[in-house]
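Residue numbers (the working numbering), protein chains in the order written: chain V, 111 to 408; chain E, 300 to 652.
Hint data in this document are derived by calculation from the structure and do not stem from the laboratory. The structure displayed is predicted, hence computed values, not measured ones. Some clues are possibly wrong.
[Stated by the list, open to error] Footprint (simulated), chain V over chain E, 3 or more residues, beta carbon under 8 Å:
{"#": "1", "region": "353-365"}
{"#": "2", "region": "401-408"}
{"#": "3", "region": "453-464"}
{"#": "4", "region": "543-556"}
[What the hints assert, rightly or not] A few chain E positions that, by computed beta-carbon distances, are all more than 10 Å from chain V:
{"#": "5", "residue": "F378"}
{"#": "6", "residue": "S398"}
{"#": "7", "residue": "K411"}
{"#": "8", "residue": "T502"}
{"#": "9", "residue": "V511"}
{"#": "10", "residue": "P534"}
{"#": "11", "residue": "V581"}
{"#": "12", "residue": "I644"}
{"#": "13", "residue": "Y652"}
The C-beta atom is built at its ideal place from N, Cα and C for all residues, glycine as well.
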Amino acid sequence: MLTKILILISSFSLGTAIANLRVVTTTEDLRSVTQSLGGEFVEVSSIAKGTQDPHFVEAKPSYLVAVSRADLLISIGLELESGWLPLLIRGARQPKLMPGEPGCLSVSEAITPIDVRVQADRSQGDVHPLGNPHFMADPDRVISVAELISSRLSQLDPPHAKDYSNNLSSFKKQQVEKIAHWKKKLAPYHGTKVIGYHMSFNYLFKYFGFEIVGFLERKPGIQPTAQHILSLIKLAQDQKVRLIAVENFFDPKPGETLAEKTKAKLVLMPAYVGGDEKSKTYHEWMDHLVDDLEKGLK
Amino acid sequence: MRIIVLSLVLTLSTSLFAETFFYGKLLGGTQQVDRTMNPAISMNGIFLGNWGPAINENKGIQLQELEGQFTAAVDPYFFANFILSIEGGEISPEEAWVSTLGLPVVSLKMGKFFQNFGKNNLIHTHAQPLIDRPLVNQLIFGEEAFNTSGIQADILVPLPWYLNLSVAGVTAKNSDVYQTSRDEDLANVTRLENLWDITDSTTLGLAGSYSVGNNKANNLSHYLGIDLTLKYVSPKGRGNLAIVWTNEYIKGWRRGYMNLSEPEWDNGYGIYSILMARIHPVFWLGGRYDQVKLTSDSTNSQTAENVIIAYVPTEFSSVRLQSGLTQETGQETKWQALLQLNVTIGSHPAHAY
């Protein structure tokens, strides 16, 4: 009986799937990309769900348990997870996952961020002085991220380096094809003026040539107020804004009010992979975002 | 005069250069590295107004506490956390400890810290769910909580759920809990904490704590605690519905206290139950029920009921209004009203779950 219990506990503790590397990512988009690159040789789980705002994840002890069993912890960086990830890393008591170790990877190392604030303080809201961390919606930057992740998988699991390299090539090939498709779909709307809610889609809009003229948040992380919405109504009318893009985990009411008072159309978009039923993988999510933008502007 | 002008020019040009160099290099230059090596520094200010016959001292509006915190990795092997508290015009080290970073499964901590006993004892003043601590913590552990120096080992037990075993050897001297003045008196603090994910959004925490050590009556004091927490946080977005229900029971036996020249309680217990709900992205509503019984030659019993509403626009500020009633054996019911402004500036580390 005791042997059976020990086997049961071991199977839980060691993970039921057989994989060379156990990877924990902070967000679902990183999970999806890592799974594509690691294939059958990795077992990947994400801490934040696609329906959650990753700025405000609760550092649940069960996440700490998952991190403690990981070989590799992949985060976005640029202080996106600074409110909860340090607690999980220290609590996990795994020296190999400490910052600077091969088991700890922040993918922002691979990209040059936008929206860098040279001078920042909290009167400006919940700002990220080092840059906007929502770069996974930028198709080119994701290629750089994928290269970095693939390289780290190879470093930690050298026998399968060739497999990781092949998976990277496939991912990049698919991404290049997708980029051509997405660009073609959104080309007619180049220069369109949009209003966002948070800064989640800044990279996406910039990449496809949209112009962001304002945000429903009064300041990053600060709730919209009636006065701010009034000022946005005037701005949207003056600037001929055509689209209001709101992350689907935010309250849609401020966006609905703005849409009612202007000619702009409101679209609710998943901010992350797993943000809705149609966005289970990275490419499904990007397809969904591009489709949403196109439908909103037709 | 020439020297003064030269000094002024030098000072201005140096500070201007430093500013330009700093901001210019923010994205990876040497100055950023210098700043990165600084500890995370934060200052927490708590301003309190309290009124009513249930308040024993310091009524009116006052600076309740200033708390300065410095945290950083020392090197690849150690992490340090120093917290200075300024309260009533006195500066004192509220916590000062160093923990290991380089050990698997276990972490060791040495220094002065809030002991890992029960749910509420670890929570700093600015992070308390209600403005004041629960009665049981105030009356059994004292105003300063169970806070003393020692060495603590935390072991993450490899099980499918979160199970943390914490064992500490601490000095009993000068602690409100053991009240001994002898250098050699030591106490043990042990806590076993479980936490299960019932669903993605709901967790159940159940923990037991025990402490034993020499007391000022040259005998043993024992403390036993059990706490249970049920927490729901909506998995969607930010600032949506959250409900936290916390319950704690603490019992203490202080052997020999009846034989002191001025006898004190030797047997006591207390419970509290706190229910807090985030009903709006920036508003929390909650309440707490307290019951404590302390026995010396007779039994003194206290109960209290408090409600609170909190405006929390960001994680760096809150305004809270609390009101409550306290009943004590043989006395009239007393009321209290508390208003608190709580702000944090700087880089304050995240609070535990």
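Now for the hints, and whether the structure bears them out:
1. 353-365: violated (count 0)
2. 401-408: holds (count 6)
3. 453-464: holds (count 8)
4. 543-556: Our answer is that it is violated, as 0 residues pass the Cβ test (under 8 Å) against chain V, missing three.
5. F378: Non-interface label fails for F378 (chain E): nearest chain V Cβ at 7 Å, not farther than 10 Å.
6. S398: Contrary to the label, S398 (chain E) does not stay out of reach of chain V, its closest Cβ about 8 Å off (not over 10 Å).
7. K411: The assertion about K411 (chain E) holds, with a minimum of 19 Å to chain V.
8. T502: violated (6 Å)
9. V511: holds (27 Å)
10. P534: violated (6 Å)
11. V581: Violated, because the least Cβ-Cβ distance between V581 (chain E) and chain V comes to about 7 Å, which does not exceed 10 Å.
12. I644: The assertion about I644 (chain E) is violated, with a minimum of 8 Å to chain V.
13. Y652: violated (5 Å)
Checked against the numbered hints listed earlier, the structure breaks hints 1, 4, 5, 6, 8, 10, 11, 12 and 13; every other hint is satisfied.
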